[in-house]
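Residue numbers (the working numbering), protein chains in the order written: chain Y, 154 to 512; chain Z, 154 to 512; chain A, 154 to 512; chain D, 154 to 512.
It should be emphasised that the hints constitute simulated quantities derived from the structure, not laboratory data.
Only a predicted model underlies this, so the values are computations on that prediction, with no experimental measurement involved.
Hints may be right or wrong, so weigh each one.
Given that identical chains are not distinguished, each listed pair holds provided it fits within a single copy or across any two copies.
BS3-like cross-link-like pairs, simulated, lysine-lysine; straight-line CA separation at most 25 Å [what the hints assert, rightly or not]:
#: 1; residue 1: K264; residue 2: K295
#: 2; residue 1: K225; residue 2: K295
#: 3; residue 1: K264; residue 2: K423
#: 4; residue 1: K225; residue 2: K423
#: 5; residue 1: K313; residue 2: K476
#: 6; residue 1: K225; residue 2: K264
#: 7; residue 1: K426; residue 2: K476
#: 8; residue 1: K423; residue 2: K476
#: 9; residue 1: K264; residue 2: K426
#: 10; residue 1: K295; residue 2: K423
#: 11; residue 1: K295; residue 2: K332
#: 12; residue 1: K313; residue 2: K332
#: 13; residue 1: K264; residue 2: K476
4 protein chains.
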Amino acid sequence: MSSSLGSIFKITTFGESHGPMVGAVIDGCPARMALTEADIQPQLDRRRPGQSDLTTPREEADRVTIVSGVEKGVTLGSPVTLTIQNRDTRPEDYGETMAAPRPSHADFSYKARYGVVASSGGGRASARETAARVAAGAVAEKILREQFGIEIVAWVQSVKDIVAPEADLTRLSRADVDKTLVRCPDAASAAAMAALIRQVRDEGDSVGGVVACVCRNVPAGWGDPVFDKMTARLAGAMLSIPATRGFEFGSGFSSTLSRGSEHNDMFVDKGGKLGTLTNRSGGLQGGITNGEPVLFRVAFKPPATIGRAQVTADWNGRETPFKARGRHDPCVVPRAVPVVEAMAALVLVDAALSVASGR
Amino acid sequence: MSSSLGSIFKITTFGESHGPMVGAVIDGCPARMALTEADIQPQLDRRRPGQSDLTTPREEADRVTIVSGVEKGVTLGSPVTLTIQNRDTRPEDYGETMAAPRPSHADFSYKARYGVVASSGGGRASARETAARVAAGAVAEKILREQFGIEIVAWVQSVKDIVAPEADLTRLSRADVDKTLVRCPDAASAAAMAALIRQVRDEGDSVGGVVACVCRNVPAGWGDPVFDKMTARLAGAMLSIPATRGFEFGSGFSSTLSRGSEHNDMFVDKGGKLGTLTNRSGGLQGGITNGEPVLFRVAFKPPATIGRAQVTADWNGRETPFKARGRHDPCVVPRAVPVVEAMAALVLVDAALSVASGR
Amino acid sequence: MSSSLGSIFKITTFGESHGPMVGAVIDGCPARMALTEADIQPQLDRRRPGQSDLTTPREEADRVTIVSGVEKGVTLGSPVTLTIQNRDTRPEDYGETMAAPRPSHADFSYKARYGVVASSGGGRASARETAARVAAGAVAEKILREQFGIEIVAWVQSVKDIVAPEADLTRLSRADVDKTLVRCPDAASAAAMAALIRQVRDEGDSVGGVVACVCRNVPAGWGDPVFDKMTARLAGAMLSIPATRGFEFGSGFSSTLSRGSEHNDMFVDKGGKLGTLTNRSGGLQGGITNGEPVLFRVAFKPPATIGRAQVTADWNGRETPFKARGRHDPCVVPRAVPVVEAMAALVLVDAALSVASGR
Amino acid sequence: MSSSLGSIFKITTFGESHGPMVGAVIDGCPARMALTEADIQPQLDRRRPGQSDLTTPREEADRVTIVSGVEKGVTLGSPVTLTIQNRDTRPEDYGETMAAPRPSHADFSYKARYGVVASSGGGRASARETAARVAAGAVAEKILREQFGIEIVAWVQSVKDIVAPEADLTRLSRADVDKTLVRCPDAASAAAMAALIRQVRDEGDSVGGVVACVCRNVPAGWGDPVFDKMTARLAGAMLSIPATRGFEFGSGFSSTLSRGSEHNDMFVDKGGKLGTLTNRSGGLQGGITNGEPVLFRVAFKPPATIGRAQVTADWNGRETPFKARGRHDPCVVPRAVPVVEAMAALVLVDAALSVASGR
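Chain Y extracted, bound-state conformation:
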């Protein structure tokens, strides 16, 4: 089930980076919901390559087409299939890959798994696959927004050692995030981040960063005990994104530095219902939402594919210089923002439908 996610709102993605298309089938999308490509395209536009000089120059319009499950702009309850054509493919760029596995990329492990590697650009390991997730996530997000008023906003929290100050999580919007190409809402940090990204790009190098995300207006009581805790689902969803290295929610790793008496979130009356004074729990207690904003962070490593030569070994173990030709991002976090939002939406909508099932 490697390409499927979710138990009720279940998506299956398909397509290789340099094949004819990528896409997603959503099985379990509620019926009678207004849905057109216009609901989906904006998030794809935020993810698409070539959107600025901070990203890969690969040019993809990433136009989504709904090919099933919708008639006259309304969902039928049947599988909603979304396709996105690949236009600017260059399999010829990947001749080097055939001779040697790219360092810290999936060529070697995929070969070990399947005995065969897509000749061109990572196949399913490519970040191109995430276009399908963003498309499906936009459908999930529409349900969450319209039925529950949920707002999901991710942003770039850090690039290398440039760390933005804490944002005001009660009002941060996508518009705030999109004010800068790097998608950091703090203007000064964003400028420094962009400068750094351009520098490493020019040096044929790459750099990592952290994407943070807040989900507001999530009702209390979403998520399940034990293995389907929302924390577990979010962690699994985020670590399924290419180039990720870590996940934390609420106080995260820094929670280990405090005592329980300092760390606990005390309950308090908030206009007639219980809330917490602080939110070190990141909105999640026992893996189930408590009505406070859901807050988490995802670490992205520096992209493995860089322009400068590296000394590695070829498939036969012989030392070889390796220099990538494929077009790649010097830093993935600006484009990872809508991917993180999509994965959060997919986890949340599945939890929403699960709760609705009454089990």
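Model the placement of chains Z, A and D on the given structure of chain Y, informed by the hints.
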């Protein structure tokens, strides 16, 4: 499916903390495998409460019984069911819980989810549920050890700000880990950690820490692309453990501080097969194992239940002092070590059987 | 997932025929539902062996115990685990099985599948496993009855060539069915069936029959398109019962003998909502309920284990006489009635919760 | 999960009858397998509408395109996506449907389920969806044929009361079946069947029939106990095909007419391995294959959509004459033959991969 994990080697756990028993059903355990309770008990002994003065005084022998799936010491291919009786239950300790939701515990969110809360001690949110995971994990680990020579070793990397130096991952053993009650292989760090735990215990407080884990001899090619990446599966499994706040593998969050040219793991011939010079990937490229040791870390917050009084709100929003009476660990990481190992084993064995399926 | 059924109300059964117990875990049982053993025992009593001279003389009280998921008589939302001890086991009766695979039984195919066979009485292939289904089915049925007023009634339609006349499906009750030991509501047919069963029993032989089932008050709109049609789910559930050979719903196989113009169910106003004049569809159109009674039939072959000697081959292919010693039913249909009802309830409740999920 | 089937070789179908396309995603297709459209097209040609005067006149070339998962003619291990464009759609034919639910069709139940009905021709309930199954089934069948030498042959056993004599199951081939348009290998029966189908077609009526299927060379030991018995999987798969009313395997419903002493299949040495003298078990004991041919039958009702006027009720319960305009088959069994084969292949390949997983 909240209480099930895995797609081929699939476990379902059951039982509340203060009910008659906890247990696990393993559906998909291979047949013709020698299996007795003696294969399982040692890891349960490492997890059981009351094992030292660093843990909760709740006294549970945690004796496992195999009640199905095994005949004459050999697995039949049918579901293997493991039960562990609860002996030292004290539901009367939880009267306070009924009056007010415990801060940073699951009482409030479970009530929101189900409209009812187990009267006694967390029900399924209790760490007691992890006894069932440890039992099932021991079966998984036996398969991994006997068929592949896999060694899984977790240890306490830090307690609050006491951080142990890096262990020698090529040879660290459980015997090394178990030399100290706190399960940190570095003696000096262990002594400081134990002293701190005793101090916070005596102060009616609690403290968190980080558990690290290495899995050696995992063959290259385990894991699946996209949503079932082993990174995603591990992250989900670890974040399903109570009191966890974060997960990272390989270079983790610190990867964001380096450049690609510094971070990439170069391939090199290792006695006739490809390996990597460094292991910043934590043995996982594109979510699939590359033959190097799998390495990850899990953050555990300070336990929410502490002996000292806290000011919180009751179910009706009225301010109330709250002081827990239930017996709890002042720091969970020493006992979390076998739980982390069990979850790793469960993820690995499912990947092993998935690869064997030839798909 | 061989021992699990359902996607939201999901059961996993465990236990061998001659092991210590059989049982079921229900993951996904709704919370806040009153539930005690008394809700479950009556259907187990209808299934239990030794209930009359028409059944196997194996004596099992089949007392169910709820060991998790319920506190103070109310479900918690956590897994509900039901156990039934095996008391009257006689593994020594199965020495013959070790020498030769029983004809038309599962010994041979299980050996091919797993390389090992439970020494005693079929292991998981035994009808004893169905006790766990009946227990779980009783929980499902309680939900269906209390929330929707659904009535599920199965009965013996035929034993060998003794076929009962059509029952009045609008009012047939379990009390009607239980008036005779053979569970056929037509007294004359029941007497003839019982006489035949006693005769074949005395002759060391066995006989088959057909169980029919009606489910009343099932709302329109339950079931899913394509692979999860309720027809498909029911067929799969029924053919998972030991000794079954066929399934048909509505007009069944006899539908092939009519023309469309004779066979179609015309719509008609029924007190303000649409119903059908006839019910050749068995309440299911396109695999989804239409509000009419769901009606189906299941064929059970004559039990393979008979008292008279048969000439077969041993595991090495040598001709050998075979005479069973295990205690078995001369005809399974009287005891299959509650099993069919349980499987119907399990399919229906999962559909109900799926519809409720709003997808 | 209504549109997904299988646990390891998992297919998800999508697309409505009168939308732009139908298709299937296969997640879990083994890597390194030669695969092109030419492997798939022949079975689609046997299913396509317009292939003879016995079928619907809707003209569809049903050309399959592989859009993912295959590169240079070899599978990559990633999802294999197959698409089939719809060309000859006529949504305008379905104006009547909007006014009244078609008798014995899915319009009414889908409306109850989803609150919306595809304006055109049944949407997902249409037999057009089975084109996607046949495409995916051809991939499954290729694996079974090449790795195990399995041969799957279905044929028309009866049309209304015209029943063909038993075929020689040891050698019956698809070539034998395809000698007649009606796909009955017995020439005399085929002629009578074709004549009847033309007659009912000319009379604006329809007729049902039975499709039988044999699967040869299936190894012993495929299938799983309890709920995933191969009998259960086959029954579920077959009853998911539109217009089906019943399923039986081996001796089927007629088994209920015999005694155990007459019905049991005795074991016998067959050239060094155990086989059975008779095959009343249809190759399946305890739901697991025994190495004998797997044999089953599926009942198809007369198509609901007929040309002659019927008196039914409109959506508001008012009596109305109804006369279908959509193009439909007067008898579905000739085209159902490859659909039954596809579903059998999908069930078998999933069992094969499950056994290979070693669980």
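Checked hints:
In this homomeric assembly, K264 and K295 come within 25 Å of each other (Cα to Cα) only across copies, at 23 Å, whereas the closest approach inside a single copy is 38 Å. In the homo-oligomer, the alpha carbons of K225 and K295 lie at most 25 Å apart inside one protomer (18 Å), although the nearest pairing across protomers, at 39 Å, exceeds that limit. Within a single copy, K264 and K423 get their C-alpha atoms only as close as 55 Å, which misses the 25 Å cut-off; across copies the closest is 17 Å, which meets it. Taking identical chains as interchangeable, the C-alpha atoms of K225 and K423 are never at most 25 Å apart, the minima being 43 Å within one chain and 32 Å between chains.
For a Cα distance limit of 25 Å, the shortest separation of K313 from K476 inside one copy, 23 Å, qualifies, whereas the shortest one across copies, 43 Å, does not. When the C-alpha separation of K225 and K264 is checked against a cutoff of 25 Å, the pair qualifies only between copies, where the shortest distance is 16 Å, while the shortest distance within a copy is 44 Å. For a Cα distance limit of 25 Å, the shortest separation of K426 from K476 across copies, 22 Å, qualifies, whereas the shortest one inside one copy, 59 Å, does not. For the identical chains of this complex, K423 and K476 are inter-copy neighbours only, at 22 Å across copies versus 58 Å inside a copy, given an alpha-carbon limit of 25 Å.
Taking the shortest Cα distances, K264 and K426 sit within 25 Å of each other only across copies (13 Å), while inside one copy they are farther apart (54 Å). In this assembly of identical chains, K295 and K423 lie within 25 Å of each other by CA distance neither inside one copy nor across copies; the values are 28 Å within and 39 Å between. For the homomeric pair K295 and K332, the shortest alpha-carbon distance inside one copy (23 Å) is at most 25 Å, but the shortest distance between copies (54 Å) is not. When the C-alpha separation of K313 and K332 is checked against a cutoff of 25 Å, the pair qualifies only within one copy, where the shortest distance is 20 Å, while the shortest distance between copies is 38 Å.
Taking identical chains as interchangeable, the C-alpha atoms of K264 and K476 lie at most 25 Å apart only when both belong to the same chain, with a minimum of 20 Å there against 55 Å between chains.
Violation of the numbered hints given earlier is confined to hints 4 and 10; the remaining hints are satisfied by the structure.
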